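Visitor: Residue strings, one per chain:
2 protein chains.
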Amino acid sequence: MSEHPEQPPFRFPVATRYAGMASSPLKDIFALAARTDVVSFAGGIPDPELFALEDVRDCYDWVLSHQGRRALQYGVSEGEAELREQAALRVARHLPTSAEQIRITSGSQEALFVIAEALLEPGDVVLVESPTYLAAVQAFAVHGARVIGVDTDDGGVLPDALDRAIRTHHPKLVYLIPTFQNPTGRTMDLDRRRAVAAVLERTATVLVEDDPYGDLRFSGEPCPPIASLGAMSAQTLLLHSMSKLMSPGVRIGWIRGEGAVLGTLAVAKAAISMQSSVVDQLTVARYLASKDLDAHVARVCGVYRERRDAMATAIAPVLPAGAHVTRPEGGMFLWASLGHGIDAQAMLAHAVAAGVAYLPGWSFYAEDPDRSTMRLSYVTHAPAVIADAVGRLGEVIATHAERADGVSARV
Amino acid sequence: MSEHPEQPPFRFPVATRYAGMASSPLKDIFALAARTDVVSFAGGIPDPELFALEDVRDCYDWVLSHQGRRALQYGVSEGEAELREQAALRVARHLPTSAEQIRITSGSQEALFVIAEALLEPGDVVLVESPTYLAAVQAFAVHGARVIGVDTDDGGVLPDALDRAIRTHHPKLVYLIPTFQNPTGRTMDLDRRRAVAAVLERTATVLVEDDPYGDLRFSGEPCPPIASLGAMSAQTLLLHSMSKLMSPGVRIGWIRGEGAVLGTLAVAKAAISMQSSVVDQLTVARYLASKDLDAHVARVCGVYRERRDAMATAIAPVLPAGAHVTRPEGGMFLWASLGHGIDAQAMLAHAVAAGVAYLPGWSFYAEDPDRSTMRLSYVTHAPAVIADAVGRLGEVIATHAERADGVSARV
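Taken in sequence, the protein lines are chains F and X.
Start counting the first sequence at 468; every next residue gets the next number (my numbering).
Start counting the second sequence at 468; every next residue gets the next number (my numbering).
Since the hints were derived computationally from the structure, they do not count as laboratory data.
With the C-beta cut set under 7 angstroms, the calculated list includes, among others, these residues of chain X facing chain F: (1) Met488; (2) Phe518; (3) Gln576; (4) Arg718.
Note that the coordinates shown come from a computational prediction; the quantities given were computed from them, not determined experimentally.
For each residue, glycine too, the CB sits at the ideal point set by N, CA and C.
With the rest of the complex left out, here is chain F (with noise of 0.2 angstroms):
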């Protein structure tokens, strides 16, 4: 018997909510992203390229100049003034908004988590569109919430599906992301946000409106935020960022509501980091303030643009028979449903193999996931490398199409 037995490793416990996550869907797709050896679809990762970077520099270095002992000290939880009264200014375009209606927050994922950290107690049920935004889901699961999935068709989600989930599950909230939906692409008409928010204003159900993307449009006609319709602005959290207007790296988003709301999203906020970085406020408060962002956003759409058109019309032809796809009028992602029983998660080492990368589709489910989809961003790449890597990727797509069929032929 030794006097000193060898000591196991000392082991960490991990809570719950994190058992068994070694690692994340969103940590997995920006390790993919950063090979350099395949073509990726699968990140919303913009195109650097586009970066304003020569305006953003100026700003900084105009912060650092002119205000550089205050972006260097700590600041309040609700972020900075000028950067809440620039935020209210582009919310105003749609709903009347105060500086004080706005907290800052790093980044939407933040926002998620401080409205999640604010509001949801465990067991309490959400729900989301299926599919949906899957780091929203997780912000919300590590919170103890039920996540459940609403139906969707082409126009978002279905009043009567969301009508019918409310009064079954009694939710403490619905997240939606009306414009350019992550992954679908889709948009909500004006019609159909109008039957969404009489469902409800009826049932008084909390919505957090997710809207990254709005600004990203290419084509149609801009839709109001549903917050601006009825009176859902007194019961709706909407949220924007930054960081596919402007730079990702920033982290910068911010959060629109109304009351007593606005006091806890304060202290949610305080209790997870305090503030946002002094600096990276200051700085984009400058941007807006001083430079042109819809010019910016314009040019940036007219890239996107024919990156999507590229991504669209070389999709068609390789796409199996009965397949659909979404042709979205802005944001980042397409979104295919290839059928078939093919398995888009498993396909997705041949792909790799092949050059190409996407984002399996079943992720993005809350539950019962449609696994043959698939979520295509167009906005990194260049028109021609789009093509050539979409040609690539169809072949992959044939010949699981094919061991599909010949499988279920055999059935």
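Dock chain X against chain F, hints included.
Guide: Relative to chain F, chain X alone:
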């Protein structure tokens, strides 16, 4: 009867953990610190005149000139490689550490929240020094933890009391600030650290070692972190922050850990805020790589030492008989226990009326507060301002001491 009875305003649901919290202690500190008619000793707010503004501006400029497109793009949840490398070099002064063992957070507050999120279940016990940092208690409490204070003396937490509390309460983790503790300014010497490490090792208890102030030493010998003693590194998460050394506004800190828990921390960080500002991360990395942080900190320490001396000299004669005040060898805070039945919270309004603010000590206790305590930060103001304001505070204290003694004499 009206066809349209007036609707009551919509009320958002609020999670129980935030119910009744219209504000937070830290938010109120920052509000008080913003008043120009009050000399505030309330916050641990660095003097902005001491910021190395030119150096920081240089680094933002360098990053945006040399790594601009990367700085504006998405990064990874673990943190940017250069910053993790620089952080590891600093930690390795006391404890062998690789970049892989570093997780970047948006300041120490987010680090505490990430750890709580990754490890704590509702009902878990967290042991803390009594008194301790109030925002850490909040990060644990909103995760449903029962936070229990352990007795301390002027040398820090008492090993026997810690041992007893661990055996009684079976805590999920112990949270300590061994150097220039917040709020007391106390430091555990090496013998005390060894005794505490022995207790934690014997009971296989997780330690969260928070060290935002350790580099701000004015006198005495540096002490190694508890994480570096015996086999503690495997069961410790060690927290550092750039807030007190370089700038609180850039919101950059890190966690040093070992083993599988690092994966869980990255997943929790991704769920909370995806990643910290890439611009800020690369800038801090550049600052650490190209500027002399130690020389900057030495300059700051020289100024803080004078201010500590000014406050210690001014406060000694104005304290009532039997009061106790700490004289820390570094950090930002003095801690006074006035006794005489004084309620420092009730006294604050009179102090503010006299143009002086401090932080009442009761909020730093998880339970059984000594309500006669106050925390005084000496870092924000010049010695003459400190001497003058402490003089006025002395008059307020004298009035309250007489009043309290009169009351107890009549009982």
